[in-house]
Each structure stands twice: as C-alpha cells, then as structure tokens.
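Protein chains: 2
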Amino acid sequence: MEDSAHTPPLDARELLQRRAAELPGLISFAGGLPDPALFPKRHLSRAFLAAISERPSSALQYGWPEGLPELRERIAAELAERSIAVEPERIIVTSGAQQAIQIAASVVGTRPRIAVERESYPGALEIFRSARGKLVELEDDAHLYYVMPSVSNPRGQSMSATARGSLLARARACNGYIVEDDAYAGTRFDGGGEPPLLASAPERVFHVGTFSKTLCPGLRIGWLIPPRKLARSTLKHKQATDLQASSLSQALLADYLRTGDFPALQRRARARYRRKLRRLLAAVERELPQLRASPPIGGFSLWLESSLAIDDSLLLERAIEQGVSFDPGQQFRARPEKTLAFRLCFSAVPEDQIETGVARLARALKRLTR
Amino acid sequence: MEDSAHTPPLDARELLQRRAAELPGLISFAGGLPDPALFPKRHLSRAFLAAISERPSSALQYGWPEGLPELRERIAAELAERSIAVEPERIIVTSGAQQAIQIAASVVGTRPRIAVERESYPGALEIFRSARGKLVELEDDAHLYYVMPSVSNPRGQSMSATARGSLLARARACNGYIVEDDAYAGTRFDGGGEPPLLASAPERVFHVGTFSKTLCPGLRIGWLIPPRKLARSTLKHKQATDLQASSLSQALLADYLRTGDFPALQRRARARYRRKLRRLLAAVERELPQLRASPPIGGFSLWLESSLAIDDSLLLERAIEQGVSFDPGQQFRARPEKTLAFRLCFSAVPEDQIETGVARLARALKRLTR
Numbered sequence: 000m001e002d003s004a005h006t007p008p009l010d011a012r013e014l015l016q017r018r019a020a021e022l023p024g025l026i027s028f029a030g031g032l033p034d035p036a037l038f039p040k041r042h043l044s045r046a047f048l049a050a051i052s053e054r055p056s057s058a059l060q061y062g063w064p065e066g067l068p069e070l071r072e073r074i075a076a077e078l079a080e081r082s083i084a085v086e087p088e089r090i091i092v093t094s095g096a097q098q099a100i101q102i103a104a105s106v107v108g109t110r111p112r113i114a115v116e117r118e119s120y121p122g123a124l125e126i127f128r129s130a131r132g133k134l135v136e137l138e139d140d141a142h143l144y145y146v147m148p149s150v151s152n153p154r155g156q157s158m159s160a161t162a163r164g165s166l167l168a169r170a171r172a173c174n175g176y177i178v179e180d181d182a183y184a185g186t187r188f189d190g191g192g193e194p195p196l197l198a199s200a201p202e203r204v205f206h207v208g209t210f211s212k213t214l215c216p217g218l219r220i221g222w223l224i225p226p227r228k229l230a231r232s233t234l235k236h237k238q239a240t241d242l243q244a245s246s247l248s249q250a251l252l253a254d255y256l257r258t259g260d261f262p263a264l265q266r267r268a269r270a271r272y273r274r275k276l277r278r279l280l281a282a283v284e285r286e287l288p289q290l291r292a293s294p295p296i297g298g299f300s301l302w303l304e305s306s307l308a309i310d311d312s313l314l315l316e317r318a319i320e321q322g323v324s325f326d327p328g329q330q331f332r333a334r335p336e337k338t339l340a341f342r343l344c345f346s347a348v349p350e351d352q353i354e355t356g357v358a359r360l361a362r363a364l365k366r367l368t369r
Numbered sequence: 000m001e002d003s004a005h006t007p008p009l010d011a012r013e014l015l016q017r018r019a020a021e022l023p024g025l026i027s028f029a030g031g032l033p034d035p036a037l038f039p040k041r042h043l044s045r046a047f048l049a050a051i052s053e054r055p056s057s058a059l060q061y062g063w064p065e066g067l068p069e070l071r072e073r074i075a076a077e078l079a080e081r082s083i084a085v086e087p088e089r090i091i092v093t094s095g096a097q098q099a100i101q102i103a104a105s106v107v108g109t110r111p112r113i114a115v116e117r118e119s120y121p122g123a124l125e126i127f128r129s130a131r132g133k134l135v136e137l138e139d140d141a142h143l144y145y146v147m148p149s150v151s152n153p154r155g156q157s158m159s160a161t162a163r164g165s166l167l168a169r170a171r172a173c174n175g176y177i178v179e180d181d182a183y184a185g186t187r188f189d190g191g192g193e194p195p196l197l198a199s200a201p202e203r204v205f206h207v208g209t210f211s212k213t214l215c216p217g218l219r220i221g222w223l224i225p226p227r228k229l230a231r232s233t234l235k236h237k238q239a240t241d242l243q244a245s246s247l248s249q250a251l252l253a254d255y256l257r258t259g260d261f262p263a264l265q266r267r268a269r270a271r272y273r274r275k276l277r278r279l280l281a282a283v284e285r286e287l288p289q290l291r292a293s294p295p296i297g298g299f300s301l302w303l304e305s306s307l308a309i310d311d312s313l314l315l316e317r318a319i320e321q322g323v324s325f326d327p328g329q330q331f332r333a334r335p336e337k338t339l340a341f342r343l344c345f346s347a348v349p350e351d352q353i354e355t356g357v358a359r360l361a362r363a364l365k366r367l368t369r
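The listed protein sequences derive, respectively, from chains F and C.
According to numbering that gives the first Met the number 0, the first sequence is numbered sequentially starting from 0.
According to numbering that gives the first Met the number 0, the second sequence is numbered sequentially starting from 0.
Simulated from the structure, these hints should not be mistaken for lab results.
Treat the hints with care, as some may be off.
Where chains are identical, the list cannot tell them apart; a pair therefore holds if satisfied intra-copy or between any two copies.
Taking lysine-lysine and the DSS-like style, the derived pairs with C-alpha atoms no more than 27 Å apart in a straight line are [said to hold, decoys possible]: (1) K337 - K235; (2) K133 - K40; (3) K365 - K275; (4) K235 - K365; (5) K228 - K337; (6) K337 - K133; (7) K337 - K275; (8) K228 - K40; (9) K133 - K235; (10) K365 - K337; (11) K337 - K40; (12) K40 - K275; (13) K365 - K40; (14) K275 - K133; (15) K228 - K275.
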C-alpha cells in the first residue's frame, strides 16, 4: 500500500508517455483519442445554451443515479438504430465506459476470475487488477468474461459467429457473466455490425457503450445495461461510486442528440478515419516490413506484431528521441510476452504527418535491430 | 447478488422518496440540494463559451487522471483562502466528493474496519457497506476514520478541538487513516473555520472537498488530497474508476473561478441559507415542540431528534400524504436506533414555503402520536 515519495509519482513507462505528450513537434500515435477536428463545437455550444436556459435544474442540480430520463431515451433510440431493442428504463448512464466496466466488475464480486482476450483494453485490465481479480483465458471458467465483440481494442476486429457461440456456451455452462464492451461499435468503417451479445443473452450480459469515441470524451458519458436480475445491485454500485454522471454533460448531450447532427457527424468521422488508416497502412507496409498488421474493420488503431525480442519501453524511448510516440504492447497483454508488439493510433494524428511519423518510428526501430 | 425483477428496482424507502419527488405541490425538505436560485447561470455560460472557444481540447478531449492543471491551481488557491497550504500537484480532481470518499476507502484495502460518527453522511455509509467494510465507532481502532470536522452532516456542527485531538491520537496509535470530508466547509454561516485535520496530519489524512454545495452539483467536480505516500496508488485507483473527471466541467469551472464571481456568490449564499434556517428554526420551535434540534453552524439541514418510538418511513408516508417530505433518520445512522430522528434540509425550499411545510409535517406527526 505504500508509495514512493515522488510527486506526482509515476513508473518509467508513464513517465515516458507523459514526457512525450509535452514535446513540441512530436507526432503521437498514442492514446486512443478521437480527432479533435471532428468535435462539433458549434452544435455543442448551442446545446449547452439550450440546456442551461430551458432546463437549468437538469443541467446544474443533482439528478437520479441512473441518469436523465431524456438522455436514456436518446441512448435507447441510438441503440435501436443499430437494431438493439432496449427499454430506456434498463439503461444506466455512467461517467464513461471505464466506469461502466468498473461497476460491472464490482457487482460480480470481490477477487473474481475474469476471462480476457490475449490482448485487451488496458483500462479494463487495470480495473481487474485493482479489484484483485484473477485473469484467465476466454476458454476457461470465469465469473466474468470481458470482450469487445463489435470492434476489439487494440486489434480493431470483430468476433466471429463461432467465437460468439462458444463464448455464450461457456458463460452459460459456468454461470458466468459477460461484459460486452461496445465502446468502438460506432466506429466501424462500414457503419454496420452484427447484433450484440446483449441481444442473444440479455440475462447474462452487461452491455457497455460510450460517446467518447463517436462524439467527444471530455463529456465523460457512457452507459451500462445490466442483466435484469442485477439491475438493483448495479444501480446501488453506480450510486455509491459517484452518485451520478455529470448533469451538465447529460443535459447538453440530450440536447445535442435532438439536433439531428449526430448521424452526419458519424459519417464524416468514418470517412476521415478510413482515409487516415489507409495512409497509415501504406506507410507501415513501406517503412516497417518486418512487422505484421491486420487491417482493422473499425476503431482508432493498428496493432503491429513481430517476432523481434525487443522491449517496447526501450523502443518508445528511442522513438521519442526521433520525435514520435505510440502505445507499448505490454499494456494490452493480459500476460507478459517476449516479442515486440505495439499499437499505432491514427485517429488523432494530423493526416499529413502520418508518413513522417512512421518514418521516424522506422528509424528508431532500425537503431535497435542493427 | 440476485435482484428482484422490478425495473427500476427499488426498496420501499427509495420508492417513497422518488414518488414524493414527482408530486406536484409537495414541499421537499429532502436531499441536501443547494438552492437553484443561486446557480450563476450567466457566469457559467460565459465560462463555457470561453472554455470551448479558447481551449477546446481541454474541454472536450481526454485529460490526465489527476485533472486539469489550471483547475488544480484554482482549487489550491481556494484552499489557501481558508489558510490551507497545499501544492496543486497534490490535488486529484474527482467526479464529486462521493467518488473521492469511494477512492480513499478502496485505497485503504478490502473489507476494512471503518470508524464513523453515530450519524453520518448516507452516501459514505453506502460506500463502506458496498466495500463490505465493518463499521465501528470513532473510539475504536480502525483502518479508516471518516469524519466531517468542519461542518458535519446531518448535524451541521464542527468537531471540538478535544475531539480532533483524540481522533488524531487514536489514528496514530492504530496506524489508521482519516477521511476528512470537507464538503460543507464552504457553507459555514460565519465564513470562517478551524484549520482542517489535513494541516495537523498530512501523512494520515485524505482531504475531500467539492463544488457541489457552494456552486452547483451538476458539474460533479470534487477533489481528493491523499497522504503523500499513498499518492500513487490513489491516482491509480482514480484512473481505474473512470479515467478522469469531466473535462468539460473542469474547463468550465477553471474559467468560472477566474472570473472572480465565486467569493460574492458564497457571501450571497451564506446570507440566504442563514435566513432560511432562521425561519425553519422558528417554525420547528412553534410546530414541533416535542423534537430536539441544535442550531447548525453551517450546512443545508437541521437534524431533529426525539424519544418517540416511531418508524421514520411510516412518518414519511404520512408526511407525503400531507404534501411534505424529509430525509428519514435511519439512513444517517451507522447502527439502527429505535427513536425517531430525521433531517430537514432548508437549502432548496422556497423561503415562503418553510412555515407551511413544517405545519404539514406537524400534522403528519400528530396523526401518528395521538
């Protein structure tokens, strides 16, 4: 429980990543950030002024732990667009998807066995480790299965019908629950998607969503749809955690979604991210032929693997010297592995810097492999 | 772990309180809500527009888990006004005081022994029960001592110098930590206050504050100052919990605090709350002579006790029939007690409804005692 005396106290990797974030001229492929050029500032300002003048109590006062009724209806409508039928009453508005995952994990119990994919979202791994959970594989018996069936992070792949079937069968057999993290679902380049696990097994699935990837993360608004029989304990946990999500963000968001700008924004975003990915893939193929990548079907990143036994923190250090940064692979891995892997996020990099960034990265890697 | 099938599922007391909240014409002494007439809507709108146009990335993008540097500086400056010297680097911005308490409790460990006052903040009791903690008394050995030394909830009293001294000695003797919940500190009617426990024992105190009582709760912004040696694990817990507090609320708040309106708002608020309390005290003395009350030195509420063996939920039911509601006493009690007590919040009741509300309550009580 005791920390070092540093202020703020950080480990080596965090220190590197923070240092990188402050370097002028650095090209950052790190972080899973949406492109800020897509933030609909004008529409959000209008929504704010509408919310604060027309319904100041909703925007500024305390609200119910499950969230603003109007926003829950809007979220249900968004889900209906993706053929997910959910009554608004089942939706709990959360302070981002991170909190939704954290609540689901704590509802399931203390020191749970949690099954995750070989590579997974670092924020979720952090929650499970904080909860003193035991990480196991998707093929094992577990109290909780954490998956991203629509668009995975870091790989940007969807789960096959076979894998979905096995997962559901496994969870049923051992009476386990599933956290279906749908955070990136709205970023699929084809705008489509299979029905979520929630549709097949509503009694077993905690469905998690967010506006952080499709609108903006600064609002910190996500949602959680718990299995019916855990609805009460889930809401209790939400309330104990932080009473409720920001009233201001909720009121603003409800108003924004009413303007009708959101579908158009999502189309613009998909086109932009697809373009950036295309440039990144071409640059990686040219400059980093020793790395393997599978083109993602959505999401913000490209996952690169190799058979090189290189420490990713060391590569990051060299990369920062060259003026580029990325997300080291180890933080996505449930169990440490020896071979080099890392994640390149194309989402927030200015389009015309992608080639330069990859060339810098190639130079950094060359210095470690020659 | 299993819930009933209700949607949304509620227990009897919650159901009553929710029903009350929707009744037209009901006078509510429930909830600890600030007076919405005090929300500085114009200043907040200006702050929003400044934040979103001048620093859209701070307002809409992801930020660091510890919070926006500028806001941490403003919070340090606010604390300095109250003679609390804290470096901004030590402050973690949280999603309200509730989360700050929750994080402190989880840093201290699983199933902790937590000492609380005889009556305490229900939200904190909920956290400790959720964490499967054992509630003990302030005189006992504990891992964590939860107190509100500046202005307590529900009593609205400050802790005496003797009680502070004993608490610190006790915590030191058993190597326990203290959560100093300063949520209501800014609401003292005299605008003053003793130095916080943080000043006497920074190595042992988690200091908790919030803008929910002095500005508006809808922003969901509070803060946590952990003991130095727990700074790293506290920040890790904050990050695992919800990544960060709302960027939008933080940017807006930083801008609002820069405008200089806050001190004037606090003066207006103190005058208004003092006036409401005076009317409530007079009405209670007249209409409810069988109840005991000690005038609070700050806060939003009056705590009323009696030697009557009446169930507070039953009284609430009768009160709602009469068109008034309040917070039942049992939810503030660490251990159930037989005698009737309850909390009347004067803060959000329109001033001219206070007498009518108390008269209705007196009628409800009369029906149960005759």
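Hints, verified against the model:
no.: 1; hint: K337 - K235; result: between (42 Å within a copy, 25 Å between copies)
no.: 2; hint: K133 - K40; result: neither (43 Å within a copy, 48 Å between copies)
no.: 3; hint: K365 - K275; result: within (24 Å within a copy, 72 Å between copies)
no.: 4; hint: K235 - K365; result: neither (53 Å within a copy, 34 Å between copies)
no.: 5; hint: K228 - K337; result: neither (42 Å within a copy, 33 Å between copies)
no.: 6; hint: K337 - K133; result: within (21 Å within a copy, 44 Å between copies)
no.: 7; hint: K337 - K275; result: neither (30 Å within a copy, 67 Å between copies)
no.: 8; hint: K228 - K40; result: neither (40 Å within a copy, 41 Å between copies)
no.: 9; hint: K133 - K235; result: both (24 Å within a copy, 18 Å between copies)
no.: 10; hint: K365 - K337; result: within (19 Å within a copy, 75 Å between copies)
no.: 11; hint: K337 - K40; result: neither (44 Å within a copy, 56 Å between copies)
no.: 12; hint: K40 - K275; result: within (22 Å within a copy, 41 Å between copies)
no.: 13; hint: K365 - K40; result: neither (42 Å within a copy, 57 Å between copies)
no.: 14; hint: K275 - K133; result: neither (38 Å within a copy, 54 Å between copies)
no.: 15; hint: K228 - K275; result: neither (43 Å within a copy, 44 Å between copies)
Hint violations for this structure: numbers 2, 4, 5, 7, 8, 11, 13, 14, 15, all remaining hints satisfied.
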